[in-house]
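A.B. asks: Residues per chain, in single letters:
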Amino acid sequence: MNTNSFLSQCENLDILPAGIIILGPDYTVVCWNRTIAEWTCIPREKILGRDLREIFPHLADRKYALRIQQVFEGGAAAFFSTQFHPHFIPTPLPGGGLRFQRTTVHAVYEGKETYALVFIDDVTELVQQVRAYRGMRDRALREVRERLEKEAALEESEAKFREIFNSANDAIHIHELREDGLPGRFSEVNAVACEMLGYSREEFLGMTPLDLVQGGHGKPLDVIGREILGKGHAIFETEHKRKDGSTVPVEIHTHRVTIRNRDVVLSVVRDITERKIAEDALALALRKLHLLSTITRHDLLNQVSALKCYIELARDEKEIARTREFLDKMDKVLDTVEEQINFTRDYQEIGVREPAWQNIADIVGKIRAGFQPSGVDIVLALDEIEVYADPLFEKVIFNLFENAFRYGGPSLSLIRVTAAEGPEGLAIAVEDNGVGIPDEDKKHLFRKGFGKHTGLGLFLSREILAITGLSIRETGVPGKGARFEILVPEGKFRRRSPERTGERG
Amino acid sequence: MNVGEESIDAIRELINIGVGRAAGLLNDMTGTHIRLHVPEVRVLRYSDLAGEQRLLDSAHLSAVTLRFAGSFSGMSMLIFPEKGAAVLIMALTGEEIDEPELDALRIETLNEVGNIVNNAVMGSITNVLGERLTYSMPEYREGRIEDILGRERSPGYDWVILAVSQFMIEDLRVVGTILMIFEIGALDTLIEKITAVMGSPP
Chain A
235 MNTNSFLSQC ENLDILPAGI IILGPDYTVV CWNRTIAEWT CIPREKILGR
285 DLREIFPHLA DRKYALRIQQ VFEGGAAAFF STQFHPHFIP TPLPGGGLRF
335 QRTTVHAVYE GKETYALVFI DDVTELVQQV RAYRGMRDRA LREVRERLEK
385 EAALEESEAK FREIFNSAND AIHIHELRED GLPGRFSEVN AVACEMLGYS
435 REEFLGMTPL DLVQGGHGKP LDVIGREILG KGHAIFETEH KRKDGSTVPV
485 EIHTHRVTIR NRDVVLSVVR DITERKIAED ALALALRKLH LLSTITRHDL
535 LNQVSALKCY IELARDEKEI ARTREFLDKM DKVLDTVEEQ INFTRDYQEI
585 GVREPAWQNI ADIVGKIRAG FQPSGVDIVL ALDEIEVYAD PLFEKVIFNL
635 FENAFRYGGP SLSLIRVTAA EGPEGLAIAV EDNGVGIPDE DKKHLFRKGF
685 GKHTGLGLFL SREILAITGL SIRETGVPGK GARFEILVPE GKFRRRSPER
735 TGERG
Chain B
263 MNVGEESIDA IRELINIGVG RAAGLLNDMT GTHIRLHVPE VRVLRYSDLA
313 GEQRLLDSAH LSAVTLRFAG SFSGMSMLIF PEKGAAVLIM ALTGEEIDEP
363 ELDALRIETL NEVGNIVNNA VMGSITNVLG ERLTYSMPEY REGRIEDILG
413 RERSPGYDWV ILAVSQFMIE DLRVVGTILM IFEIGALDTL IEKITAVMGS
463 PP
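In order, the protein sequence lines correspond to chains A and B. Counting with my numbering, you get residues 235 to 739 for the letters of the first sequence. Counting with my numbering, you get residues 263 to 464 for the letters of the second sequence.
Check the hints yourself; a few may be wrong.
[Stated by the list, open to error] Not the full set, but computed from the structure, chain A residues with beta-carbon under 8 Å of chain B:
id	residue
1	Gln-304
2	Gly-308
3	Ala-311
4	Phe-314
5	Ser-315
6	Phe-318
7	Leu-360
8	Val-364
9	Tyr-367
10	Arg-373
11	Leu-375
12	Arg-494
[As the list claims (entries may be wrong)] Reference excerpt, derived from the structure (chain B facing chain A, CB under 8 Å, subset only):
id	residue
13	Met-291
14	Thr-292
15	His-295
16	Thr-355
17	Asp-365
18	Asn-373
19	Asn-377
20	Met-399
[Stated by the list, open to error] Chain B is nowhere near these chain A residues, computed Cβ spacing over 12 Å in every case:
id	residue
21	Thr-337
22	Val-378
23	Tyr-581
24	Gly-599
25	Ala-615
26	Gly-643
27	Val-711
The set of hints was computed from the structure by calculation and includes no laboratory data. Small disclaimer: the values here were computed from a predicted structure and weren't measured. Backbone N, C-alpha and C fix where the C-beta goes; we use that ideal spot for every residue, glycine too.
For reference, chain B alone in the conformation it holds in the complex (with noise of 0.2 Å):
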């Protein structure tokens, strides 16, 4: 499948307007002036995912996971390492950080924090396309990469949106992916609705 630039523009602008409603939302509750920028969005084969050195080569990382169905289905999951995860948790709860660690109630937050990027990203794009699709609970998991995947029981994905997610409260930068995984055809389908949604590219 070939995805073109302005259909890559129209996830990013998607994603954007959903981080952005989920900085917000951070803001209100944590009190803290937390930014959120998404400077790299790309789209790749599923298969190519434990590839991805840069991103996501850890042996420790913690992941919030929320399975979504209905026209388009697949999984989308907020990726922290583990240490970045403690200290960006410890920051938006006002703990010092000395020694970074997820206990049970970090855990617990940063399954609320993933909670709201990954709502307000799919929230973003099903209002832009008016779809309504069903969600599981949000799902906390780690390990390494292929510990995270290979924990999904329905291995029929195909294509990967991969967005790297910039928290920022005040000097400290914590970087995150955000993955959206689509099952088979489902991005065809996304990307068939974007473009109905905002127009054919020329």
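Just chain A, with the same shape it has in the complex (with noise of 0.2 Å):
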């Protein structure tokens, strides 16, 4: 082996900044440069002539051992990555550590020998740019999976949230809030309050809950305001006007709540329908029971103290003339208490059966022809229009008519029936030209007690007319005749369209 020719070479070598050894086919060293030496700290003198697997033995494991081996045997140059082999010759860093390295493994011919050329990179710094970049790769990786996870679970929170919106049983309003309390539009509505209403979800984002309201609330809207921005929250009924006019009492639960960083209120409408025609017959039956409870107790008993009053005048009474006259004021006595009775059972009969709509016409129409031929001129000036009333509500017009006659007296020639629509609703008046009332009348007009005959008549007719939110007042002029106006709010009448007169036939 000619190692001067090597040896030379390796002086060469020195200026490289890789390091650098070449090995004999038995693994001794002939050349080593600065560099190698350097990183080592092993002098070349110290180290030329020696097996490098004594100083390196992990060299001689199968898995360098055969690549070198095969170099050694004419075959191509052996690659060492840093991955599989970081430190081919392990080799201190000046700040701690080893040095990463990148080796090849070349074979040189020196006359028939074949020698072993180690090339050997050093690395460090690529490795560590190289981490440096897979640290923040993975970070940002790692942030794209948790956002896509987040966005991902925010949209099935979503999901969730409207199949929940849609699938309640109650309507569901989203609006904004004003910075004084009051409700600004809405921003989403579920599909129960599109049917509840009648108005799409888009006709819906175009207005505002104080659209729906008609007449009020259960509280004051001041009051609902400072209560949702005060404790978040707030309960109240008020009625909710329909697409096609007609009314909905509900019940609204709000929350003030934050969606997407706005600050919103989150409303659950219930439709309460049920619950106040449940509550109205309650109140109904109560206000029944408790006259009923009267009238039985106070008045019969009142009437049974005159007869008894009668009976002992008549006992003691001993002219034939004056006991008839007592039998005669207790056949009154007796006239009066079946009247109160039968008051009894026709009161019983208000609210039994359920509302309907009524044409006021065909009512007046039908009464009109009762009392007739007359000598009144009875006049119609209604269009056809229908009203929502308890189905005693002709009785109540039949009553009208008949005051009109019982009360008119002898100027009474003419009965007029007419509807307006005006700003409390439709005004049904029925007015005639009789000798009217007296104002200190008026005002006790529909008690019950009062009036010339049994005075159950107007009393009847307020409780009736009660039921679904119709009033009744006296507006006439005395002496120029009587005029009852029955009020029907918004809501509680309807014009009939051409299609149902046709469908009535």
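Two chains, two separate frames, one set of hints: put the complex together.
C.D. replies: Here it is in structure tokens:
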């Protein structure tokens, strides 16, 4: 082996910044350049001629030995990457740790001998850069993944919310909240809300909750606003107007919530029609019970007392004529008792049957036929209007006609029925040109027991009308005639369409 | 040139010996149980190589090349689709393969894997034939197959031995392609030598 030639080459290789070792076939070090000497702190003179595997025994391992052997046998260069072989020749770094290396082993020939030239690159900086890059990349990927997961979770949550939102039994409104606590525009409504009021979602989004309100709220609007702003929630009742003009009583639970960083109000709106009917029915039943018990206990007892008194007087009376007089009075008392009993029967009938839409012209026409011929002109100036009222509504109109005939006096020659829409709704007027009602009687007119006859007709009329929210008042001028106005609020009357007229045939 | 079945069988056997040795080396190096199979070996014209759509139709191929010269000259090459290469290297180095990507260190590692396979296959052939060839340094190339081949300044290539190679690590399977591209007349020489060593076909 001509080592001199390699040694001379080795000195030339000192200028290279890579570690260079040349090995003989028996792993004898024949060249050890300055760079590798500096890295390993092993001077050239101490290693030349020695078997490299004595100093670095791991090189005897198959994963090195087989491939280096291939090189000695004239095979292609063996490449040892940093990831699989980071420290081909372990060399410490000044700051601690070991230098990362990329190593290539080539065959070089000297005469008939084959030598292995080991070329070691210091890639420590590259490794650090790649690791830093991988760290950044992994962080970025993790962040992207987390964001995607959050977005997916949010989407899932929104989908669930939307499902709950649309499958709720109650209407749900989400609307903006103004700084003064008043409601702003709707930002979302569920399917039940659309179904309940007949508006499309798009129509809703152009409105505010105040556009739906018919009449007032169960509590003042400013109080509701303060509760929402202060406590974050409020509960109140109101009536909502449907697109077709009808109304629906609702109970609203509002909560102030934050959705996508926006302060909004989420309202659960429950249709309380059934509950209202039940409440009204209960109130009516209680009023009836109270009234009936008053009549039975008080009014009837009064009559019984009077009857007993007349019986006592009759018993002591010797004169036949006076006795007859007492008997006539007893007869009248019994008539009153009978009428009071009849009243309890009529009164029981109120509210028993469901309210229904009733045509005023049909009702008045039928009543007019019953009163003719009478010498009184009955004028009907009505459009085709229907009123939502208790089935006893007809009895109310009949009672007004009956009162006109009974108390109108000799001047009565005209009864006129009209209807006109005003700010309070529809006013149906039944007026006559009789003597009218004195001012002092007007304030007691609808009280039970007031009147020249039984005093029960107008009281009953007011009760019947009240079932569906209608009211009655007297606005005539004494001496010129009586005028009764039945006030029908919005939603409780409608003009009969031609189709409906056709249906009635 | 008509390459007989016997010659192809012989070439297949030599390549199998080579990849078997490469698999053994990779096992020793990584401590991972890696298996290497060569289910398909074909000889085709160099000009037809770009039409190998099934194996080489990707805009992102990664290749490790080894040029050899001697009694037969040419270039040996191990090619993977870039994603497949990243998966293989990350599996061999025990990294998590959520987002396979080749960076500078992984390209080096792929270079070593290609070096091992190319050397083993060439070593298998030259050992049997008793030939000594000279080799260039292993080189990493990437791009479309045309880009990888187009960088070659010696266009005098004639025939190609194409060997499909399957790298299997546990339940992972990465398919690569070994190409041995021969300069004009080199494959004839190789086959003649194989025939001489293994005996004439009947």
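A.B. asks: Hint A/Gln-304 vs chain B: min CB-CB distance below 8 Å?
C.D. replies: holds (6 Å)
A.B. asks: Does A/Val-378 clear chain B by more than 12 Å, comparing its Cβ with all Cβ atoms of that chain?
C.D. replies: The assertion about A/Val-378 is violated, with a minimum of 10 Å to chain B.
A.B. asks: Closer than 8 Å between Cβ atoms is the bar; does A/Val-364 clear it against chain B? Give me holds or violated.
C.D. replies: Since chain B brings a Cβ to about 5 Å from A/Val-364, closer than 8 Å, the hint holds.
A.B. asks: Hint A/Gly-308 vs chain B: min CB-CB distance below 8 Å?
C.D. replies: For A/Gly-308, the interface hint holds, since the closest Cβ of chain B sits about 5 Å away, which is under 8 Å.
A.B. asks: Given A/Ala-311 as an interface hint, is the shortest Cβ-Cβ distance to chain B below 8 Å?
C.D. replies: holds (6 Å)
A.B. asks: Can we trust that A/Val-711 is non-interface, i.e. its beta-carbon lies farther than 12 Å from all of chain B?
C.D. replies: Holds, because the least Cβ-Cβ distance between A/Val-711 and chain B comes to about 94 Å, which exceeds 12 Å.
A.B. asks: Does B/Thr-292 pass the interface hint, meaning its C-beta sits closer than 8 Å to a C-beta of chain A?
C.D. replies: holds (7 Å)
A.B. asks: B/Met-291 was flagged as interface toward chain A. Is the shortest Cβ-Cβ separation under 8 Å?
C.D. replies: Interface hint status for B/Met-291: holds (5 Å vs cutoff 8 Å).
A.B. asks: Does the closest beta carbon of chain A sit nearer than 8 Å to the beta carbon of B/Asn-373?
C.D. replies: holds (6 Å)
A.B. asks: Are A/Phe-314 and chain B close enough, Cβ to Cβ, to be under 8 Å, as the hint says?
C.D. replies: A/Phe-314 check passes; min Cβ-Cβ to chain B is 7 Å, inside 8 Å.
A.B. asks: Can the hint on A/Arg-373 be confirmed by a CB-to-CB distance to chain B that is less than 8 Å?
C.D. replies: A/Arg-373 check fails; min Cβ-Cβ to chain B is 12 Å, beyond 8 Å.
A.B. asks: Mind checking the CB of A/Leu-375 against every CB in chain B and telling me if the closest is under 8 Å?
C.D. replies: holds (6 Å)
In summary, the structure is inconsistent with hints 10, 12, 15, 21 and 22 from the numbered list given earlier, while agreeing with the others.
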